[in-house]
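Asks: Residue-level listing of the chains:
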Amino acid sequence: DTAVSQTPKYLVTQMGNDKSIKCEQNLGHDTMYWYKQDSKKFLKIMFSYNNKELIINETVPNRFSPKSPDKAHLNLHINSLELGDSAVYFCASSQLSRGNEQYFGPGTRLTVT
Amino acid sequence: SQQGEEDPQALSIQEGENATMNCSYKTSINNLQWYRQNSGRGLVHLILIRSNEREKHSGRLRVTLDTSKKSSSLLITASRAADTASYFCATGLTGGGNKLTFGTGTQLKVEL
Chain A
1 DTAVSQTPKY LVTQMGNDKS IKCEQNLGHD TMYWYKQDSK KFLKIMFSYN
51 NKELIINETV PNRFSPKSPD KAHLNLHINS LELGDSAVYF CASSQLSRGN
101 EQYFGPGTRL TVT
Chain B
1001 SQQGEEDPQA LSIQEGENAT MNCSYKTSIN NLQWYRQNSG RGLVHLILIR
1051 SNEREKHSGR LRVTLDTSKK SSSLLITASR AADTASYFCA TGLTGGGNKL
1101 TFGTGTQLKV EL
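Sequence lines, in order, name chains A and B.
My numbering applies: residue 1 is where the first sequence begins, and numbers increase by one.
My numbering applies: residue 1001 is where the second sequence begins, and numbers increase by one.
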């Protein structure tokens, strides 16, 4: 009965590789997000989708590409991974019509070596 | 630059004491929210206060908002060891749609 789930929880990979992180929410929310949290715990939004439409696209390298096949899923694909991509990536969801309280997934710790 | 700055960065108290964390921001907001993050976990929403509200309560939590000073505070009363976590404020900006901008966080440690 997990509300927002992410896979994998941990991801260790080498520089130059391509990887994907998946996110699913079963809350019936219409909006989903990807955040990056660095080693100092600074949390920054990367992307947001509302009803499968991209509505927030912060200054993020083109190597990062979100994909939303439906309202319940938002995946993040990262090409040509770099050392600086190492961080914890959080998926979140919200229902805009009920305010903007966001529900976060457990995070994916990405380590690029 | 970052929207929210929190103060203090770290706070250590004894169980039963009250904990107060402050958040300052720079631009007009639509609402301000507080989240808790336990170590190694995702963020959990605690409370939302709208720009036209001044104070809000939820259980042992009390949040105030002063839009003239662009600041908010989170008070946790009668703290417990389980309250040990990082606390973040997040601002929803006027005209910013659904975007939240998070503060730097306060790391709270409640000791037995």
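Don't read these hints as lab results, they were simulated from the structure.
Check the hints yourself; a few may be wrong.
Simulated coverage check for chain B against chain A, where a stretch passes if three residues somewhere in it have a Cβ under 8 Å from a Cβ of chain A [stated by the list, open to error]:
#1 1008-1018
#2 1065-1073
The calculated EDC-like cross-link candidates involving lysine to aspartate or glutamate, where the alpha carbons are at most 20 Å apart (straight line), are [what the hints assert, rightly or not]:
#3 Lys-1099(B) / Glu-82(A)
#4 Lys-36(A) / Asp-1083(B)
#5 Lys-40(A) / Glu-1005(B)
#6 Lys-1099(B) / Asp-38(A)
#7 Lys-41(A) / Glu-1005(B)
#8 Lys-41(A) / Glu-1015(B)
#9 Lys-67(A) / Glu-53(A)
#10 Lys-9(A) / Glu-82(A)
Values in this document were obtained by computation on a predicted structure and should not be read as measured data.
Even for Gly, the Cβ is constructed at its ideal location relative to N, Cα and C.
Asks: Below or equal to 20 Å on CA atoms is what counts here, so check Lys-36(A) against Asp-1083(B).
Replies: violated (24 Å)
Asks: Is the listed coverage of the region 1065-1073 of chain B by chain A valid when you require three or more residues with a beta carbon under 8 Å from a beta carbon of that chain?
Replies: With 0 residues closer than 8 Å to chain A, the region 1065-1073 of chain B misses the three-residue bar; violated.
Asks: Taken at face value, is the distance from the CA of Glu-1005(B) to the CA of Lys-40(A) at most 20 Å?
Replies: holds (14 Å)
Asks: Given the hinted pair Lys-9(A) and Glu-82(A), is their Cα-Cα distance within 20 Å?
Replies: Since the Cα atoms of Lys-9(A) and Glu-82(A) sit roughly 19 Å apart, the hinted pair holds (cutoff 20 Å).
Asks: Test coverage of the region 1008-1018 of chain B by chain A using CB-CB distances below 8 Å; three residues minimum.
Replies: As far as the region 1008-1018 of chain B goes, the hint is violated, because 0 residues have Cβ atoms under 8 Å from chain A.
Asks: With a cut-off of 20 Å on the C-alpha distance, tell me whether Lys-1099(B) and Asp-38(A) pass.
Replies: holds (19 Å)
Asks: Given the hinted pair Lys-67(A) and Glu-53(A), is their alpha-carbon gap at most 20 Å?
Replies: This hinted pair holds, its Cα atoms lying about 10 Å apart.
Asks: Check whether the Cα positions of Lys-1099(B) and Glu-82(A) lie no farther apart than 20 Å.
Replies: violated (27 Å)
Asks: Please work out if Lys-41(A) and Glu-1015(B) have their alpha carbons no farther apart than 20 Å.
Replies: violated (25 Å)
Asks: Between Lys-41(A) and Glu-1005(B), does the CA-CA distance stay at or below 20 Å?
Replies: holds (13 Å)
Checked against the numbered hints above, the structure breaks hints 1, 2, 3, 4, 8 and satisfies the rest.
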